[in-house]
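The sequence shown begins at 1 in the UniProt record's numbering and counts up by one.
Rather than coming from a laboratory, the hints here were simulated on the basis of the structure. Where is the CB? At the ideal position from N, CA and C, for every residue including glycine. Do not take every clue at face value.
What the hints assert, rightly or not - In silico PhoX-like pairs for lysine-lysine, Cα to Cα no more than 20 Å straight-line: (1) K356 - K238; (2) K578 - K639; (3) K656 - K681; (4) K273 - K253; (5) K578 - K719; (6) K730 - K542; (7) K210 - K356; (8) K618 - K578; (9) K238 - K270; (10) K234 - K270; (11) K408 - K492; (12) K539 - K730; (13) K618 - K656; (14) K368 - K234; (15) K540 - K484; (16) K653 - K618; (17) K539 - K578; (18) K328 - K253; (19) K66 - K93; (20) K682 - K639; (21) K676 - K539; (22) K253 - K339; (23) K368 - K238; (24) K192 - K93; (25) K339 - K238; (26) K647 - K681; (27) K339 - K276; (28) K328 - K374; (29) K66 - K210; (30) K413 - K401; (31) K619 - K656; (32) K619 - K647; (33) K368 - K339; (34) K405 - K542; (35) K238 - K253; (36) K409 - K492; (37) K542 - K676.
To be verified - Okay, the calculated beta carbon distance ranges per label pair: (38) E528 - R501: 12 to 22 Å; (39) T363 - K270: 29 to 39 Å; (40) N311 - D247: 17 to 27 Å.
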Amino acid sequence: FSNVLQIGKENFHRSQHFTYCNNVPMLIGEDKPGTGGELGQKLKPKRSVFPEELRGYEPAWIAFDKQVLCFDAYFEEEVPDKNQELYRIRYCKIYFYLEDDTIQVIEPRVSNSGINQGTIIRRHRIPLPPPQEDQFYTVDHFNINTEVIFYAQRYKIIDCDQFTKNFLRKLGIRLNPPACRPDDPYTKERQKILSNMKPLHPYERIDTLKQFLEHDGHVLRFFCVWEDPGSNYKDLRKLVLRYYLSDDTIDIKEIVPENSGRDTVPLFLKRDKLPKDAPTGLYQPGTITSRTVLNVFGNVVGNRSRYILDNRKTGAVHQEFYRDSDLKIGAVINVWGRKIVLCDCDEFTKKYYREKYGIEDFTPVSYKTPPLQKPEQTFPPYNGFGSEEDSLCSCRSVILKPPAKDFKKFLEKDRSVNERNVLRFLAKLVPDNPTDMDRKFIISCFLSDDTISVFELVQPNTGIISTRFLERGCIRKPGQELFKSEPSEYFKAQDLFVGARVCFHGHNFLLVDADEYTFNYMERHANEFSMADTSVILKKLKDITEPRSQEFRQMFAAIDPDHTNVIQYEPFRNLIVKITDGAFSEHEIITLGRYYSVKDEREMDLHFLLAVAQQQLKKNNFENFGQLLSVLVYNDREKCGVLPHEKCRAICKSFKLPLANDDLEDLLTTFEDGNKQVDYKKFVDGLNWRENQIPAFQTIKDEHRWRGQPSSVTERKIKYLPLLDYVFGKEE
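Could you put together the complete structure from these sequences and hints?
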């Protein structure tokens, strides 16, 4: 029996949440965690618990960021100090923030309520009412048609928004039907009093707010003209009329042309409503008012008077103003006695009238008089005195001025250290006298001003000495009338090329060769010289020879029996002349031969290159040789005294050395070893014009003393196979 009693006591203690400690029964709480609680005990959650399908694997403060449940609620407030009302119904919004279970209560503001409204409870976590004040409200405590208690104030939830309903349904909460919203008795009584206070015959209300809100910033713009009758010349004054749809006002701005002699004013007509009968319909101040009142008693009852509003407006003066319906293209409006014609409008105005009035015809009114044709200025013919340009300047201006020169072209094409900008050709006379057949001339074309000079070369045992045959100047093309009004055409650089026939003052010359600089310059500026444009020449050759491609391949193969794919220039030239049947000029054939020639390794004169480089560096005041050497040494990680060609070139470019790209490449190549490594110390020492100055001498060397030697292309070999592959395509 004692054992049974003991077992019963233990079961009783377990059912009452008792435990034994040192054989002493002790009462434990439901929420006691750890070893003191029962096995399998579940603690109540401290925060809202959301299923994983709603928040995924993210925490609630990330998954539900900026997501709020909104509930409509109200609470009753007692009013003990007023007989008119015993209680008051106050409506509010309850916001539950899902990210952290905070709650905020806000009461919407009601105008003229006399109550401090707005935030009733700031956002924070609200504890449950006693005896559970150690816990906080979670999402499980909210539902429609339920009550919640916040700090002893009871709130009745009557409804919620659609997002809140959907969210609660996803949590598995069964929503109650919405409750009705009770009326505040005092508010109903107040509305009843206010409705009785409305007069049966209220004052006339002129409300323009709707028009302002709908058309604020909308402006109709018309282009107008006004013929000023006070002007001696009856000229047209150009105006811009703007109609403001927000208040039916108009302003006008005048477009004053430059140098018109008129004063520039901000506005021709300031913004205001424009009456139609102005200026004949002028009224005294106070005649036109928005309201009309009547004196009921007059002077019958002493000095007392009583006024009432004239609803019928029997004494009102009506004045008509211009509206948007009165404005259209071609209409004539009266602007205070001035007749203004509307000639055109902008795109917004057209769209407005098209949508509102259905107008589709917006043909502008032509008001511009045809401009007077400026008489063409004619000049008298050239009289032979002075140059044509000088005589023409005396006709254009009363004050004599020298002919204007192309100064920009002069600066770009003037002779410099690296660029000569002079094209020189070897020429022969085409005479009737056989004794002049062996005479040779150097024709120089100066690109800075397109002037030409001719110098005759000495011929041994002929009695002809080296002298200037033609002074430098502009040379007129033959076949032009001398005494005429139009300016003459002169020879330019584009008219000179190898194979061209030119006539200088009755002397016919045949250009047979040119120096190396001329060929290089024309090939670099192929867009200006079509005879040196390789792409144009190849296209021309392809059009001529394409129908007989196989025949021409056999002709080239016959010249090259050893199949070396290389031939001399002279047979190459003869074959091109034969193929094209004389359609190619000599210059075009030379350009083609230079393009496909075998490039020989260029011999460089180091002394000459350094002299040119030092002269250019000295001219541009470049003295940072020590810093340049330091940077080169820094980039030499192995301290072997050499750097790659590209590395040295990039460092020189970073210092902005005032050297041409070709000169810099030649200098770096000169100081290279067999492995394309540049000895940078010798390179910098050679450029240093301060410490290692090279004696000054003729930098352009033999070019100034060119005596018509044959161009180097005649000594080169031509690779004809790439030419055939380009023109006819690769042979299978």
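These are the hints, each one checked on the structure:
1. Using a Cα cut-off of 20 Å, the hinted pair K356 and K238 is violated, with the two alpha carbons roughly 28 Å apart.
2. Restraint check for K578 and K639: not satisfied, since their Cα atoms lie roughly 61 Å apart, outside the 20 Å limit.
3. Under the criterion of a C-alpha separation no larger than 20 Å, the hint pairing K656 with K681 is consistent with the structure, at around 18 Å.
4. In summary, the hint linking K273 to K253 is supported, as the alpha carbons are separated by about 15 Å, within the 20 Å threshold.
5. Simply put, K578 and K719 have alpha-carbon atoms about 18 Å apart, close enough for the 20 Å limit, and the pair holds.
6. Restraint check for K730 and K542: the C-alpha separation of about 14 Å stays at or below 20 Å, so the hint holds.
7. A C-alpha spacing of about 18 Å is found between K210 and K356, which places the hinted pair at or below 20 Å, so the restraint holds.
8. Among the hinted pairs, K618 with K578 is inconsistent with the structure: their alpha-carbon atoms are about 53 Å apart, more than 20 Å.
9. For the proposed pair K238 and K270, the alpha carbon gap of about 16 Å is at most 20 Å, so the pair holds.
10. Under the criterion of a C-alpha separation no larger than 20 Å, the hint pairing K234 with K270 is inconsistent with the structure, at around 25 Å.
11. Distance restraint check for K408 and K492: the Cα-Cα separation of roughly 17 Å lies within the 20 Å cut-off, and the hinted pair is therefore satisfied.
12. A hinted pair counts as satisfied when its Cα atoms are at most 20 Å apart, and K539 with K730 qualifies at roughly 16 Å.
13. As the CA atoms of K618 and K656 are separated by approximately 14 Å, the hinted pair is consistent with the 20 Å bound.
14. With a CA separation close to 13 Å, the supplied pair K368 and K234 stays within the 20 Å bound.
15. With a CA separation close to 39 Å, the supplied pair K540 and K484 exceeds the 20 Å bound.
16. Pair hint K653 plus K618 holds up; C-alpha atoms about 17 Å apart against a cutoff of 20 Å.
17. Between K539 and K578 the alpha-carbon distance is near 18 Å, which keeps this suggested pair within the 20 Å criterion.
18. Distance restraint check for K328 and K253: the Cα-Cα separation of roughly 18 Å lies within the 20 Å cut-off, and the hinted pair is therefore satisfied.
19. Distance check on the hinted pair: K66 and K93 sit about 17 Å apart at the alpha-carbon level, within 20 Å; holds.
20. Between K682 and K639 the CA atoms are separated by roughly 15 Å; this keeps the pair inside 20 Å, and the hint holds.
21. For the suggested pair K676 and K539, the alpha carbons sit about 38 Å apart, so the restraint of at most 20 Å is broken.
22. For the suggested pair K253 and K339, the alpha carbons sit about 15 Å apart, so the restraint of at most 20 Å is met.
23. Taking the CA atoms of K368 and K238, the gap is near 10 Å; set against the 20 Å cutoff, the hint holds.
24. Simply put, K192 and K93 have alpha-carbon atoms about 27 Å apart, too far for the 20 Å limit, and the pair is violated.
25. Proximity of K339 to K238 is assessed by CA-CA distance (about 13 Å); at most 20 Å being required, the pair is judged to hold.
26. Distance hint between K647 and K681 is fulfilled; the C-alpha atoms sit about 14 Å from each other, no more than 20 Å.
27. With a C-alpha separation of about 11 Å, the suggested pairing of K339 with K276 holds against the 20 Å cut-off.
28. Distance restraint check for K328 and K374: the Cα-Cα separation of roughly 36 Å exceeds the 20 Å cut-off, and the hinted pair is therefore not satisfied.
29. Of the pairs offered as hints, the one joining K66 and K210 is violated, with about 36 Å between alpha carbons and a cut-off of 20 Å exceeded.
30. At roughly 25 Å between alpha-carbon atoms, K413 and K401 are farther apart than 20 Å, so this suggested pair is violated.
31. Simply put, K619 and K656 have alpha-carbon atoms about 14 Å apart, close enough for the 20 Å limit, and the pair holds.
32. For the suggested pair K619 and K647, the alpha carbons sit about 26 Å apart, so the restraint of at most 20 Å is broken.
33. A threshold of 20 Å between alpha carbons decides the hint, and for K368 with K339 the separation of about 17 Å falls inside it, so the pair holds.
34. Under the criterion of a C-alpha separation no larger than 20 Å, the hint pairing K405 with K542 is inconsistent with the structure, at around 42 Å.
35. Restraint check for K238 and K253: the C-alpha separation of about 9 Å stays at or below 20 Å, so the hint holds.
36. The hinted pair formed by K409 and K492 meets the criterion: a straight-line CA distance of about 14 Å does not exceed 20 Å.
37. Between K542 and K676, the direct Cα distance comes to roughly 40 Å. Violation of the 20 Å bound is thereby established for this hinted pair.
38. Checked against the hint of 12 to 22 Å, the C-beta distance between E528 and R501 comes to roughly 21 Å, which is consistent with it.
39. For the pair T363 and K270, the beta carbons lie near 31 Å from each other, so the given range of 29 to 39 Å is met.
40. One distance hint, 17 to 27 Å for the beta-carbon pair N311 and D247, holds here, with the actual separation near 25 Å.
The structure is inconsistent with the numbered hints 1, 2, 8, 10, 15, 21, 24, 28, 29, 30, 32, 34 and 37, although it conforms to all the rest.
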